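Go by the hints and put chain B onto chain A.
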Amino acid sequence: MTANLIGIAIIDIVFFTLLVLTAIAILRQRNLFAVAMLSGVFSLLSAGLFVTLDAMDVAFTEAAVGAGISTVLMLGTLALTSRDEAKRPRSALLPLFVCLVAGAALVYGTLDMPPFGAVDNPIQTHVAPEYIARTPTDIGIPNVVAAVLASYRGFDTLGEVVVVFAALVAVLLMLGTSGRRTNGKNGKEE
Amino acid sequence: MAMFLAITAALFVAIVLVLVRLFAGPTLYDRVLAVNTFGTLTVLVLSALGFVTERPDFLDIAMLYALVNFVGTIAILKFFRYRSFGRIRPEPEER
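Residue numbers (the numbering used here), protein chains in the order written: chain A, 63 to 252; chain B, 36 to 130.
Because the hints were derived from the structure by calculation, they are not lab data.
These numbers come from a predicted model, not from an experiment.
Backbone N, C-alpha and C fix where the C-beta goes; we use that ideal spot for every residue, glycine too.
Just to be clear, a hint being listed does not mean it is correct.
[Said to hold, decoys possible] Examples of chain A residues lying across from chain B (beta carbon under 7 Å, computed): (1) Val-113; (2) Leu-115; (3) Ala-121; (4) Val-127; (5) Gly-128; (6) Ala-190.
[Unchecked claim] Per the computed footprint, the stretches of chain A lying under chain B, defined by three or more beta-carbons under 8 Å from a beta-carbon of chain B, are: (7) 71-84; (8) 143-150.
Bound conformation, chain A alone (with noise of 0.2 Å):
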């Protein structure tokens, strides 16, 4: 089981270093369809993250919207603007210093939190042993999360979806009408 921990710890360092080497790629690269590219595959890296840390439900949203639908959408944006970043006249010397104080000051957060996974975080004794143990009872499903997300927390889930459609809604009035008029155009030709 230790061998397998260490294994599992193996992979989730190689995953980050890999995500590390993704971003700077990203960050180097100039052309805007290979930006699109990577960061599909920066998606996948960390929705594969996820799944090693056992958030199924994250990596399932990971991967169907940042690896599948954002990258879609992205394209869909490249073809009403220019393909090549436009160079920066100004110096990024501040904004590296403001994020490296931000990102610190969360590394410094982060020190406070209880250790990870441990069985008497708060997480784990507050409302969590409720949830599990009305959930066959109450909603007669095997599934917790589900049970949380649709019955106990739906009017919130309702919530979110509705904004969730509101900005699909737009995102398609946004690229929708070029994309119409492209279309329209292709049909003739072919």
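Below, chain B without anything else, positioned relative to chain A:
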């Protein structure tokens, strides 16, 4: 179990090779092919990981990745065909 860890390590080596092609790739086709291969390798890594950790529900998410990968590649290639950047088929009036 050691066998599955060895498989995962070999797959990671393949992933690094694909990433090299993705970062360096001179043409856009190299990059599209690299992204598609990367998705396939991710599916394989997740399947192997599912057997390392003895949790078969990894296979579900591996199948979802395969589907997303397929749809994404189709979308990218369709983008190439119909709204090209000028390399494949120049469009005189692109607004």
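Each hint tested on the structure:
1. Given hint, Val-113(A) at the interface with chain B, holds; its Cβ is 6 Å from that chain's nearest Cβ, closer than 7 Å.
2. Annotation: Leu-115(A) was flagged as interfacial toward chain B, and the flag is violated, the nearest CB pair being 11 Å apart, outside 7 Å.
3. Because the closest C-beta pair between Ala-121(A) and chain B is about 6 Å apart, less than 7 Å, the hint holds.
4. Violation of the interface hint for Val-127(A) is found here, the shortest Cβ-Cβ separation to chain B being roughly 10 Å, above the 7 Å cut-off.
5. Interface hint status for Gly-128(A): violated, as the beta-carbon distance to the closest one in chain B is roughly 9 Å, over 7 Å.
6. The criterion of a C-beta within 7 Å of any C-beta in chain B is not met by Ala-190(A), whose closest approach is roughly 19 Å, and the hint is violated.
7. Residues of the stretch 71-84 of chain A lying with their CB closer than 8 Å to a CB of chain B number 5, which satisfies the three-residue condition for coverage.
8. A stretch counts as covered by a chain when three or more of its residues have a beta carbon under 8 Å from one of that chain; for the stretch 143-150 of chain A and chain B the count is 1, and the coverage is violated.
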